[in-house]
Amino acid sequence: MNINNYAPSERFNFTRGLRIFVFVLILIGIVSLSYAVLNGYPLKRILVAIFVNNFYFLSISFAGTFFIAVQYLAGTSWYVCFKRVPEAISSYFPVAGLVILALCIDPGRIYPWVHSAELSVKFPNKFLYLEPGFFTFRTVIYILPWAILSSLIKKISLRLDISGDVKLLKHGVLYSSAFVVFSAITTSTSSWDWLMSIEPHWYSALFGWYNFAGMFLSGVASMTILVSFLKARGYLSLLNENHLNDLGKYVFSLSIFWAYLWYSQFFIIWYGNIPEEVSYFFKRAHDYEVIFYGNIIANFGIPFFLLLSKKSRQRVVYLVGASLAILVGRWFDLYLMVAPGISEAKSIPDIFEIGMFVGFLGVFMLVVFRFLSSNNLIPSGHPYFKESLNHT
Amino acid sequence: MKFVSHLREPLILGVKNYKQVTDDLCVNVESKPGKYWYIAIGISLSAFLIGVISSFITIYEGIGTWGLNKTVNWAMDITNFVWWIGIGHAGTFISAILLILKQRWRTAVSRTAEAMTIFAVMCAGFFPLIHMGRPWLFFYIIPYPNTRGPLWVNFNSALVWDFFAIFTYFTVSLLFWYTGLIPDIATLRDRTKSRLRRFVYNVLSFGWSGSLKQWHRHEVLSTILAGLATPLVVSVHSIVSLDFATSVIPGWHSTIFPPYFVIGAIFSGFAMVQTLVIIMRKVFKLENYITLKHIETMNKMLLLTGSLVGIAYFTEIFMAWYSNNPYEFSVVLNRIKGPYRWLYWLMLLFNAIFPQLFWLKRVRTSILATFIISILINVGMWLERFVIIVTSLHRDYLPSSWTIYIPSIVEIGLFIGTLGFFFTAFLIFAKFFPVVSIAEIKSIFKVSSEVVKGDGKPVKDNKPVELPRFSSFRGQQFMIIYNDENKLIEGLKKFVSLNFKVVDVFTPFHIHGVDEILNLKKTRLPKVAFFAGSIGAVTGFVFQSWVHALDWPMNFGGKPYFSFLSFIPITFELTVLFSALASVFSFFYRSKLFPGVKSRNPIIDDAGDKFVVLIDFDEFSLRREIIDKLYEIAFETGAIEIKIKQEK
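Residue numbers (the UniProt record's numbering), protein chains in the order written: chain A, 1 to 392; chain B, 1 to 648.
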């Protein structure tokens, strides 16, 4: 078969079995939520569980758009033959955006700093910056442009695959640069707002970039899993070991990048040993031991050894193993950022928190699979399609 | 051959063949340098002389000749150090990170950038040495068994990490640069007529012959070195940033420092590459190789890194305000409106604002604008380090110790001296070695300019060589010479499928696919790299732990003796160092590359466009009809010549 003239259409079949599976996942989520409500868990804890799990999938879908935007800007072609996967992931963004908007309308339900007398005396600047109205306003300012730009990029991407119009490529570059510039600033500021402010006494200049690394890493890891899943189901047959190798490299290098930022932040605070800064990690390393060390092992240790050699990066088993570890690690990472700052949380996540994660996963899968089943999996009209197939 | 979409701009302009590529890129070495070269080297040498005089004064009189005082106890020396190290970062970034990212445009500028790295790191290393006051005792910073206890160096100190980082970085960059240079030196050797030059170039080229296995290992080695150099380059400037960030001085103790310094370093390094490349392409007439597209791409890199540096500035200001830490914020205010405010505002302008002009395509593709902005960025990045270092120091916690630092003439002389050294070294390098990698340009040549015209004519007659008597074939090998890699691959496939015994293939650059056709056994270099790296890691970690926990327990900031987090930087550096040294030396050993070895290439390829297939016959297959078949295939696949090699 001459792959250069191969231009079929291929559609993902959202089978009955898969549908039932997804609905069971969602059901587990609903059951967990009702369990928590009926058993009298504090409202704050439930909201925090919703916040963590929602932010988890918000970062993944954000990373989907970010991935496409980066590829547009760099003018690469290798991703073209599986580009439907990052697009599918990014199509979840509006759902996650709505949930976080709803949660942040009244930040007082989650964040400890609202109307805190102590904060207003000791840290007037923080109190000023974290004024609830301003906080909600910023949340809207982040979510809306992200959502709009990501849907624009996705729309152009889809049209490009059919028409192959080079002009659209230029539009894509334009929107992508807008998205990348906007998110270069807002990923930092939003991380300070949504996550760092949970510990209002603490601050770290690196925090925004550190969280961004985690967002991007988990996004690429889920892309890898989705690509492997589609491949195992017999789709994406044009995707060869070179693409897998590069995807593996992406996961591998981002995992190292994440570890580098983790180490930089932790190390400088550990070395400086200033009480105000150290207390943040002191609490996490002592009261949340399992998750604290599990975070490093899952996000860095396991992927590093699994993806070190080229041979293993070309094998789906290793790729999926490493990516799964990263996805677990990302949840640990988020839990560590949020839970210790909320007095009601415990050092080991409760069963209902995990159950709600499963529920969110179900919703995420529903959106992603629906997107995949309604679009042609092979973007044969894309101007770089041929180049992508011949990727070495 | 790589498939490239027609939408992409070509990387090399003008229709050329391999011979023309070789000629173009060797011309600066083989012709006499022009007037400008002499003027430039004259100026650089004078600048260097100023540095020599200033060093003499510093060493003879002491550090007192500098403008330092009790409050500002290091300033311009460390600024220069960080600035030079930063400049050295673009080289490894271009050659290692862009190699991993498969950015093919890097080939035209990688050699320049790598050479720049080496010289910049040398300049950087000079400043800590001269600041020691007694530089001849520099070996005190090396941990070796000594009669002072043995008193070990403090492995918890960022300055010791610096030593290991710079040493490793210099070694690995040098190895990377030199192993890349070897095939090009061999090309120069084959071209030169002078016997002295040939001798010198042969020693320098380690007897490179361009055989199949040499290229195979060379390719794997450069991937390994790129893989090692990528985290290395990040670690080096991170460790430099830890010189400041591990302290608790406001303005220095910031968690964003490591990535922020790395990005700043790549930013300044790219600016310096731009400056050099723009001059070089003009002087050596390399406009066809270093095209406007290259300049534009690097401008995009400047835009990206410059913007990230801008975000880091913003983050620092915001965090100082948000934290409500009065000391942090007073440092920021002091930068904005203190005595050094001019430097701060110029730094913001040059580093964060001016690169934003590169959003406009007109600015991006303008040589003049690029040149000016790149120089301003170089200045701006120097100012950035100066601002960070001096503004955090000169207003001490005690207002009675507040001072102003102004560099003395000797310090300025030292800085001018390093600039002189840098440009002298670069000019000499540009005279004696190809400034653009010939072999790498050839490997991207075919794809980038779609029209290819081989100028070789196919063999005219069936048998250009009179066949000698049958019995005298024994111990002889046939050389089938091509001048095009696609014809070579086609020919090779046929020879292999008909069970001809292909002994070796000699090519002017690495050709993908030949290894698979000949079913070459994969090199074990990656395994060597892995094991040597593991040994390095264990050695580094165990040694540091033994020193600080057992042999010489040192109370350090009240931390436990066994504070393994402090040992990670050196452990990492030694991992990379061991791995790089072991893989390069295994490469030399296995490929039989040593200074003084003679090249095994049966022909002297002075045009750099000969692809030789060497075929051997055993006694049983040496039959007339088989020889005829060989000629037939060579003819069909477009060989330009067939020769018989007499075996010694």
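If you're looking for bench data, these hints aren't it; they were derived computationally from the structure.
Bear in mind that the values here come from a model prediction, so they are computed numbers and not experimental data.
For each residue, glycine too, the CB sits at the ideal point set by N, CA and C.
Heads up, a few of these hints could be off.
To be verified - What the simulated footprint calls covered on chain A by chain B, stretch by stretch (three residues with Cβ under 8 Å from a Cβ of chain B suffice, anywhere in the stretch; the number is not a length):
hint, region
1, 42 to 49
2, 183 to 194
3, 200 to 208
Hints versus structure:
1. 42 to 49: With 0 residues closer than 8 Å to chain B, the region 42 to 49 of chain A misses the three-residue bar; violated.
2. 183 to 194: It holds, with 4 qualifying residues against the three required.
3. 200 to 208: Contact hint for the region 200 to 208 of chain A vs chain B: holds, 6 residues under 8 Å.
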